[in-house]
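Respectively, the protein sequence lines represent chains A and B.
Each residue of the first sequence is one higher than the one before, counting from 59 in the numbering used here.
Each residue of the second sequence is one higher than the one before, counting from 59 in the numbering used here.
The hints are simulated quantities; they were obtained by calculation from the structure and are not laboratory data.
One or more hints might be untrue.
One copy or two, it doesn't matter: identical chains are merged, so the pair holds either way.
Under the rule of at most 20 Å between Cα atoms (straight-line distance), these lysine to aspartate or glutamate pairs were calculated in the EDC-like manner [to be verified]:
{"#": "1", "residue 1": "Lys706", "residue 2": "Glu487"}
{"#": "2", "residue 1": "Lys867", "residue 2": "Glu879"}
{"#": "3", "residue 1": "Lys867", "residue 2": "Glu812"}
{"#": "4", "residue 1": "Lys867", "residue 2": "Asp811"}
{"#": "5", "residue 1": "Lys849", "residue 2": "Glu816"}
Number of protein chains: 2
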Amino acid sequence: MKKFVYGFNEGNLSLKHLLGGKGAGLAEMTSIGLPVPFGFTITTKASNEFIKQGNLLWDELKVEIFQHLAKLEEHTSKKFGGKKNPLFVSVRSGAVISMPGMMDTILNLGMNDETVVAIASLTNNECFAYDSYRRFIQMYADVVLGVAKYKFENVLSRVKLKNNISLDTDLSVDNLKKIVNEYKKIIVNETKISFPQDVKEQLLLAIEAVFKSWENPRAKIYRKINDIPDNLGTAVNIQSMVFGNIGKTSGTGVAFTRNPSTGEKKLFGEFLINAQGEDVVAGIRTPNRIEQLKDIMPKAYNEFQKIANKLEEHYKEMQDIEFTIENSKLYILQTRTGKRATAAAIKIAVDMVEEGLITQKEAIFKVEPTQLDQLLHPSFGKEELNKQKILTSALGASPGAATGKIFFNPQDAVNAYKSGEKVILVRQETSPEDIEGMSVSQGILTARGGMTSHAAVVGRGMGKCCIVGAGEIKIDEENKFFRVGEITVREGEKISLDGEKGNVYIGEIPTIEPELTADFDKFMSWADSFRKIRVRANADTPKDAKKSLDFGAEGIGLCRTEHMFFESNRIDSVREMILASDLEQRQQALNKLLPMQREDFIGIFKIMKELPVTVRLLDPPLHEFLPHSEKEIEELAKKLNVTHTKLKEIINSLLEVNPMLGHRGCRLAITYPEIYEMQVRAVMEAAVYVKKHENINVKPEIMVPLVGEVKEFQLIKKSIINIANEILEEEKYEIEYLIGTMIEVPRAALVADEIAKEAEFFSFGTNDLTQMTYGFSRDDAGAFIKEYINKKILENDPFQSIDQKGVGKLMEIAVQLVKKERPNLKIGICGEHAGEPKSIEFCKGLGLDYVSCSPYRVIVARLASAQAEAR
Amino acid sequence: MKKFVYGFNEGNLSLKHLLGGKGAGLAEMTSIGLPVPFGFTITTKASNEFIKQGNLLWDELKVEIFQHLAKLEEHTSKKFGGKKNPLFVSVRSGAVISMPGMMDTILNLGMNDETVVAIASLTNNECFAYDSYRRFIQMYADVVLGVAKYKFENVLSRVKLKNNISLDTDLSVDNLKKIVNEYKKIIVNETKISFPQDVKEQLLLAIEAVFKSWENPRAKIYRKINDIPDNLGTAVNIQSMVFGNIGKTSGTGVAFTRNPSTGEKKLFGEFLINAQGEDVVAGIRTPNRIEQLKDIMPKAYNEFQKIANKLEEHYKEMQDIEFTIENSKLYILQTRTGKRATAAAIKIAVDMVEEGLITQKEAIFKVEPTQLDQLLHPSFGKEELNKQKILTSALGASPGAATGKIFFNPQDAVNAYKSGEKVILVRQETSPEDIEGMSVSQGILTARGGMTSHAAVVGRGMGKCCIVGAGEIKIDEENKFFRVGEITVREGEKISLDGEKGNVYIGEIPTIEPELTADFDKFMSWADSFRKIRVRANADTPKDAKKSLDFGAEGIGLCRTEHMFFESNRIDSVREMILASDLEQRQQALNKLLPMQREDFIGIFKIMKELPVTVRLLDPPLHEFLPHSEKEIEELAKKLNVTHTKLKEIINSLLEVNPMLGHRGCRLAITYPEIYEMQVRAVMEAAVYVKKHENINVKPEIMVPLVGEVKEFQLIKKSIINIANEILEEEKYEIEYLIGTMIEVPRAALVADEIAKEAEFFSFGTNDLTQMTYGFSRDDAGAFIKEYINKKILENDPFQSIDQKGVGKLMEIAVQLVKKERPNLKIGICGEHAGEPKSIEFCKGLGLDYVSCSPYRVIVARLASAQAEAR
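Pulled out of the complex, with its shape left as it was, chain A reads as follows (with noise of 0.2 Å):
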């Protein structure tokens, strides 16, 4: 015969399978000794018997079940139905994955007429008696007869309204027996039968009625959705009933084994004499700290604190604890890993290793590695947080926090800062002429764009609080307000934004700064000791390369040259290169950036030493490099002597309908190889110097973007190293230096044994990967990917997180072309997704050499490469 029952004395977590999570869970406790009230488990494979037979309970499982109901009572001493001392149980199901949708819990069952006078007489009670027998039955009619719940409660605000009462709990031992009479009233009436004074018959429907809610449609939907298979089923766990509010000798109570917030390895939790679960949730009472339990039951808490030690032992985590103590008895009724504060986290792991509970590569899997992020960046006090009115809710597209007055554009964001003002920037969305406007800011709100929008990226490249595609946000900028909905925002007034949250609240709310400590930076070795693949960062100019170092990059994987030109004082020769007429215009131009190109390189070269640094050649079209607005227009004519009319027409002629499939990247390079061969030069001349100046062997990385054939590549390639050979045998110096390309276009990785075997790198692009193979535009997608994702079409933003059916495939396609071509070739990836654990653990598994990410996810890269490979 089948075993289709097990007592909780004969599983464990290996079988949650079987007996599903809660079952091998209270399985497990049990096993190893723990104080667990008893019970027994109807297995999954019964689930399925259930619905073969017609959804009925058949006899052999009826007899087994009576069976364990027979040990459960002789466990307990007590009788199932009992006049003495009756025996209670709950009543629960437990999938192998837990499941919304489904029967969850019965309490109580076991009462009827008769036993709730013996429990009433038992604990002295009967208060507590009768609320439990009404709750049983309301409960039991709701989930086991369908009867509405809505009934019960119309009758029990009846009585409190009747009687003046407004809390249950003020609800006399009459108004209950009262209740508990209607209760059954509505029930006869609903279902024409009595409700069930057998105790047996309870509990067989109730079996019935966890087992039917595996069918019902809200839970197959969403085994639909999430990929459950139908044939799992769900178990049913039977555990006697144990009660914290029998009297002064009994509590219940909710303990951690240690510090959730600080990770000081103490217990930390509260509790409540004579008092259920719930009201330690509900707070009606004050609820002591654990510590009092201490002077209050001392065997108890010392029994508990043995408990908490060894489950730290026996799970190797912290835990979050559920105990009662019945008559001074202490029951374990949960036990779960606790949800910790990051810096708490570190502590923990540190601590663990330090007393030797667990090795060093299980202590870098306690900490995940996007809450390190956390660490670095302010963030507001959950207190206050809880005190305010979310405005509006959007992408937190970089983490922190920030409290500032509004400005409407960088000019005036500017200003303000200047004159000491904190400033929060709000835009349509960001360009790249804003950046001045952006780095004084403290955060960035946008009405527009997605995770890899430009303020998104630019944001936390920056470390900036960032809110992006916020689109219930109307902005007048002309006008200089906002409105969402009814309300209106002006500038100089005061909002933060949650940048993790992606919430914005309006008014001030106070700020914690981040702070590193002594644990975090051992948590980090030990991560780095399991890790080869390489984290580089993304970082544009020597503070930013300073940053990355301080964060502990292995080198820069992409300086995107662009983001130089807009200063001040160069984007006037960037755009008279722009407008130049013919080349020897542009030339003129290109040599008044020559030097301040090469300073930039000086700067970055000398902070990264002998670390490579890959130099990403211009990328954007050049249009974004021209004015918009009116007047600055009439002020660049007036500077380059053109009149308005003409410097607007060449503006136009240079627009593009889709500028992000346009004239851009290596294409800019085969119109106007110039303006690369000075960027080339500046490099090169940049890599002499340093090493001439302070014998820094210097590795630079060219970069070319955008390359989609390979006979674009060999051109450029070809012109690099022209310009490089004159620099260097004029200048008598060696410098080691390659020459590769970013896979950022479909084709690229179409064909990247070709592009291979001229490439001495590869670097993938995966922000304009994603663009190009899903047809999304990171600036536009922001209208619809919200959607997307509440449909359930999709599972993440592919811009978050790689999208590895689709993008990852093209990826794989290109690693595999290259393995055959050049085994060797270095290859890396830069986009945003190189900061995010499950892409970096995709590219891991790809066999990438290196991840390059923004300064400030440099962290959560190292940590999440580590877990990646000690896996």
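Assemble the complex: chain A is given as a structure, and chain B must be docked to it using the hints.
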């Protein structure tokens, strides 16, 4: 011993790899008994060996050469370097693949101070003799001795100036002798050696020069660019000279075996008595028509006619033959396949089948598919065209010829058309709003855009002459003129467009209207008999559908429902729908559109009868339908009863940075499901209507655009089925319909197996697929694609011919994934490539079921598919 030299009597065409193209051709003609001036070929292997030997002719080779030279002397009864009847030869390179950049030809080799006297006396023509000598010295000095040409030309100019002579042919014998002497002096001055009088030395040095020219930089670069292996080598042909200018019984000419303009089976060509080949070309003397040779030299004529027949029989092709008559003896110097007009090509193919010369299968290869386009469009007469000066050249996006008055906006164009003018629309670029203006125009000219820009696609769809991307044209739409350099053309002035070549002319050029013949029908029916791949048309209106059927389309592969939205009587409802502030308003507007859209489909279904009609649901982003000019916004605001500011705000909020990658295609249906619901309702109601009233079993295929993820398709498919079921159940009719999707986003190709589980057909949308795979916006890439082609980075415009390496690879991946998942899934292509022969052949190779192109390309596609399958 290896054989390195072949007499013309030792080879044939199959030895092309060894003898090169020219050598093999000469041998072939010799082998079928034609009177070819005898000679021999030094093989390509010798060329490789020459390089191995360090660029030296080795002794064994020299021996072999002179053995063959001896045979040549014997054959011609002339003596190389002989003082009585001297033999002269030409020396020509002849690579396997014809290749510019190499030494081409040296004529008259063997001339020296003695042989020139001999030939002068033999021909009784001292002028001819010394002129030939002069030319030989110059050619030889240039290509063998490396003396710059201009030095010789200086001498020639000086002598002519001094003697007041303007034409070379007016030089006297004395002049020529003087020139010969001066030429020799130049050689001594430049090379420190005398011009070689030893004819064998002349020969060996010339052969060396040919071999060396294989390695010259221009030839090397050409090979690299065109992927020609360096080790192919070149052959050298040494052929005895024959002269048509020895007297009245000599002559030279060129003739086609049939009339290249009409196809009539009759010799067509011209000749000159006592002349050399170049005289015919030079046009100084008026040549005789070939028929006149019958009277002048009947024997030679008859022989020529026989040879012409023989050559046609041998090559199974109409031939273009060069001949020379030396002392009444006919020599054939060259024959090649004759170029002909399309109508002629068709007549010749049909005639040849009826003459029994070729099979039907061979016949269908006698016409280039793209040539067929000529038959459907007006054209300019060749002579007319030769008189015109080209104003500017750009991309010929849609063939045909157009003449008319220019207008700069669609409204002006429509007005002029209504008052009876022939109109040409000149625009910066066109947009969907311009449709009406485009449809009344003879032709369209735009300053921007590429081969798949809006103007190009719509132009081809309408069969209307269209030139795009004319960047040299600076348009001032406001003031209604354009400028090219110094030339200004104003509204109402006439221009002419050649849509095939992409040329723009000032003024009117008469056009010739197209006409299809009975031969054409016969020819196409043969083609169809070899074709399995189906040809459908992209047609959006009943009118287009009718045209498609006329051209032989077997269904509609792409009916773009949005084109219908622009008609003036419905654009308001479309805009109302877009600007609706809630679902109810949107539904109201859609309810107005439903009957109109239903009428469209009824019209199309009636015409297409039981042929499949693929209806693509709404694709473009909604902002494309909104007005842009202030005036139109004002008008619309009034109609909708909102403020101008409010309307503009909404319009602006819908604008996108990269609309191509924005909120369009099925993404619209995810956010606004009611739009597709209306469209599906219109399709199904129309199908039921046509079934009910005409008893036609319509075959609608509903196509969802821009799917990138199977869940998008699932969601929309479900909604389509719901609507369809609702209608069919209510009406109690059965309609066979399919639900499929376009594969146009790279990701769709990468997850094609998943999508194939749900979709009932696939259609590759290669326009978008190309845009996204390359990252080239079709609207913007015009700015640099020409430069890419000029710089040989791209071989073709990938929007014209499928990029097989990249885009094609994605298609291949998709097809392979589908074949694994659902081998019988119908797959087609409906991008612009579907009408391009190379792309069609590629699609055939992939095993696609159908191609769908614009109506005017259906004929091209039918022939191209037939060829691809018969091949």
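Task: Hint check against the structure, violated hint numbers in rising order - done: No hint contradicted; all consistent.
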